[in-house]
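Take these sequences, add in the hints, and give me the full structure.
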Amino acid sequence: MEPAEVEFLAEKELVTIVPNFSLDRIHLIGGDLGPFNPGLPVEVPVWLAINLKQRQKCRLIPPEWMDVGKLEEIRDQERKEDTFTPMPSPYYMELTKLLLNYASDNIPRADEIRTLVKDTWDTRMAKLRLSADSFVRQQEAHAKLDNLTLMEINSTGTFLTQALDHMYKLRTNLQPGEGSHSQEF
Amino acid sequence: MSRQVGAKMPSKQKPMRYGHTEGHTDVCFDDTGSCIVTCGSDGDVRIWENLDDDDPKSINVGEKAYSCALKNGKLITAVSNNTVQIHTFPEGAPDGILTRFTMPVNHVTFSPDGTKVAAGSSDFMIKVVEVTDSSKQKTFRGHDAPVLSLSFDPKDVYLASASCDGSVRVWNIADQTCTTSWLLLQKCNDVINAKSICRLAWQPGTGKLLAVPVDKVVELFRRETWDSQFDLSDASITQPLNVVVWSPCGQFLAAGSVDGNVVVWNVETQQCIERMKHEKKYSICGLAWHPKYKQIAYTDNEGNLGLLENIGDVEKPNDKVASAVAKDYNDLFDGDDDDYLNGDVIEPPSSPKTGDHEDDADDLMQPPGHVRRAVIDDDDDNSLDIGLIKASSSLLEKEDDGEDQTGGFSALPPSSTQRPFYDGPMPTPRQKPFQSGSTPVHLMHRFMVWNSVGIIRCYNDEQDNAIDIEFHDTSVHHATHLPNSLGHTMADLSTEAILLACESTEELASKLHCIHFGSWDANKEWTVDVPKDEEIEAICLGQGWAACATSALLVRVFTVGGVQKEIFSLPGPVVSMAGHGEQLMIVYHRGTGFDGDQCLGVQLMELGMKKRQVLHGDPLSLTRKSYLVWVGFSAEGTPCYVDSEGIVQMLNRGLGNTWIPVCNTREHCKGKYDHYWVVGIHENPQQLRCIPCKGARFPPTLPRPAVAILPFKLPYCQVETEKGQMEEQYWRSVLFHSHLDYLSKNGYEFDENAKNQAVKEQQELLMKLFALSCKLERESRCVELAELMTHSVLNLAIKYASRSRRLNLAQLLSEVAVEKASELAAAQEDEEEEEDFQKRSSAGSSSSATKWGQLPGRNVQQDQEVEDDEEETDACEEAEETPEVHKEKEPNGFSKGVTSAEVNTPKPALVASSSRGRVNPFKVSSSKKEPVVPSGNVLDNMTKYSKKTSSSASRAADKQNPPVIKPLTPKPKTKQASAASFFQPRTPATNPGEKTVEEREEKAGNESQEVKVTAQENTENRRPKTGFQMWLEENRANILTDNPDLNEAEVIKEGMSRFRMLTSEERMVWTEKARGGRVSDSAEDKKEEASPS
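If you read the sequences in order, they're chains A and B.
If you count the first sequence from 1, position 118 lands on 118 in the numbering used here, and the numbers rise without skipping.
If you count the second sequence from 1, position 266 lands on 266 in the numbering used here, and the numbers rise without skipping.
One or more hints might be untrue.
Each computed DSS-like pair below joins lysine-lysine, with the alpha-carbon atoms no more than 25 Å apart [as the list claims (entries may be wrong)]:
{"id": "1", "chain 1": "A", "residue 1": "K70", "chain 2": "B", "residue 2": "K136"}
{"id": "2", "chain 1": "A", "residue 1": "K70", "chain 2": "B", "residue 2": "K694"}
{"id": "3", "chain 1": "B", "residue 1": "K71", "chain 2": "B", "residue 2": "K136"}
None of these hints come from the bench; they were simulated from the model.
In structure tokens, the structure reads:
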């Protein structure tokens, strides 16, 4: 999947906003939203939150985990552990990016949060590369990686599978070649 | 008040003054005695010309200064970075660091010649350092705990030290050995835990004696022998002594205790010559004797500095003490007795200051605003101590309402100590006026109001004094920023205006400022000055009007455009007010509360076209020892308020305007100090909007708090049980929809849907409760519940009861139903008449419940008898019953052994749609065709049923004349009717057999009548007659001739009794006649009924 597609999926996540308009419940294919009462927090999908925010129709309340203290903890935990640690949201990267891009004025210490999430992301990507590397080196048949988010999987998935295909081809080409060689002998 | 000292008064204690911030202090005089030098926990050393010096020279020496010493122009300080520093004196220029420790230094002292400095530290070490050459150090090791204090031997041979390890040691300075050691003190692990800081002192001059404060006495040790020479003590010392200091002459010894006593002895005579009490009983931690005069400077551990003058001038110490005490009170009372008295009396017993009468003396003189700030600033985290607030507010109150109270209390006989003695309930200080949804005025950033319309914030810091207005709904108005040049402290916000008010200043009167942004003209603002010496204390906005309450106990009403309207007096000082629509609610002090309670009253008035007062100053019920924190209206316009214990109360208009607690916000708090700050109440949907405040009563402006929603819960009993839960839900639903009645009564628009929804919800709950009570075999409870039901649901309940074989109950219920219906239909007397007649006739001829025990053998006969009638009646139900008929008729079928499955399946078969009116609810309609579906909600089946009705009706039509049974006796439909039947003489029964027959027949007849009633209702206009009616028509004349003065009802009664006299055959004939006349109609009837209407 393309990152844009993953981001699209992430936009279905719910966030809390405080609308500054009044609107009755709206009925959509994906479910009902609202009612919107001015000043009263309501949960809406990210796509709507961003849309409303861009039109200055709401104030966003950042998700609970989008907090410097909590993210620091997560980052430290991620650095300490060799395996992947569970993330606060399956779309943490996408949400951080979207919310910080469009609603950074409603998120306290937005820059620090951006850095922290990026740090966590980098750590996890490094781990991912490392495990892919050892996977290939040791010519394992399978590997199990827990707590990966969709975005992370997609960042290496395509490349890794193709690469494995190529390597497989190379290996299989090599062996028959040897076989034919021996036949010629 | 302080300078009142007569010439006779030998020693003079000047009142203490502020020296440093709270914390440990130390004091010394300079060599000449020209100035006092203090150091304190604010890290400053201050040089005071004298005690009245308001501009002392300050030298900052570090973060905290623990001890200082001054000699030969060198100022030595021990500061919190574990160093001992030198500053020049009096310039205060830093002159290097003398020595360092690994822990803070507790005491520094100069040697008598000023060449050396001794310092004792919390790292157990003592160092003696040459002032001129800090590399020449001597270290004294031996203490096993922090060193408390040091003293140089005037002959420069020994050094005495006290430590937390409990020992007092004397060291030989030359070889740094411990000469002697006494275990005198209490052991502790740190200086802050030490009972006393044990400032010991060597006698100046000869150094013959070493004075050590040991608990409540001063022990004096003789030099060289190191044995205890004698003790100095005094009765006035009740707490450990902290400090001892010798007079420079070595003749007197002064000691200061931890409870603020300073005592001076003549060492020669061992007599106490001076006693002094600290104003506030703070611990004395610094004492210094003036090098020349008989003055002692002292400091306490709250940062205050005091001076004791003319010590030891008079020989009679006792007189002096007495006079000193008297002077204490003179100080307090002089000129301002009233304030003192008042402040003292008002103080609640819970206040930590109670009993500390001295301590208010100063505060009382300060302007109220200052006091308040000082007190509240202590807990900026706003975890407010009520006691404190009250204490402070008591101070505030005194100026406003002091006069009358003082008048009352000054009459009390003064006790020997001149203190007013009153040992009864203590009056509670009245709470100050407030605006709902505002945070305290003293905060720099505060909410002036947060309500359902928007938020007004006020910023009041150095650069800026401004007001920010923000609307939840930006379509109301855009956010606004106003400069706050007038210093507005009160605000309210509605969808059409912003109302601000400020207190008066010296030049300016108190102003009301309105920004009517909803106005259609260009001029949107107006301002009104209230008369001089009147202060606006509370304001509110309604729809089209604004109001303010002033200190002159007036409420002034304005139009939102600025026209002055009504003025009326309040019975007491206002606490808060709120507006909504045309309603104005004012809460005020009705009187003085006692023992922590407030005594508030509430007025509710309507300022619309029809001006009236709804609540006439009724007492407001607050939780014990709480005060009001929020008052306002729900979004739908029901008055509500919240007290400091978090109880939300709402006006119950359905119960004579009483208040009912609807929520306890504290139940939702996680921590003991957490609170919910209410910002709004909505009845539909039921929402209590509030802001969770962790460890505080109100939220800070930043970070922007988020609104949370709490559910309402009425405090009903046993809500953990299903019954209690449903009862609570029911009454909550009733309460929270009562505003609809109010709205409709007052001609407001309201959502009809919401009302229907509410009724449906309530009836559903009643039905559930009914089912539950049935299950629990509580039949009388069922009937009580039925009283609350609407007619249609009641029919459902009857169905349910009969389904679950509670026939007795079903019958009672039907009575209730009939009663209700008759009440409903009372208006249509004419139409009812014939029905009444029928009812009576049936009532008269039936003996209700006894019929249920009929023999099974009766069935066939009955079937035949009623067969024809059945065609005319609701055929569908009959059809369904058919297969069951015989089973139902078995005696066992009527036993109460109802299985729970049956109970759970009410099978509500709603005859209930109100259009059908009084259908015979006893027609058994349960059938095997309807599978028993366990369902919690009886009403779920409503729609199902109506469908079935039509389908089964057609089925019935196909089947043609199914044998049907009407096992139910008709009931008296009104109370009168039932009473009539009760007094009706029974048909004389000659023998049991005959009676049975008769009864059967009657029953049959009744049933047919009953059925006809149904039929009549269904077919509206056609009213076929029963046999009895036909008989009566013919015999009416006879009856009337016999009893000419009978009215209609009595005629019928009489007719019924006569009809009964007839033989069964005769009656049969009449019945047949009646039927015969209608046979032709019956087929049509049936069809009509079969078609879904």
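Verification of the hints:
no.	hint	verdict
1	K70/A x K136/B	violated, 54 Å
2	K70/A x K694/B	holds, 18 Å
3	K71/B x K136/B	holds, 19 Å
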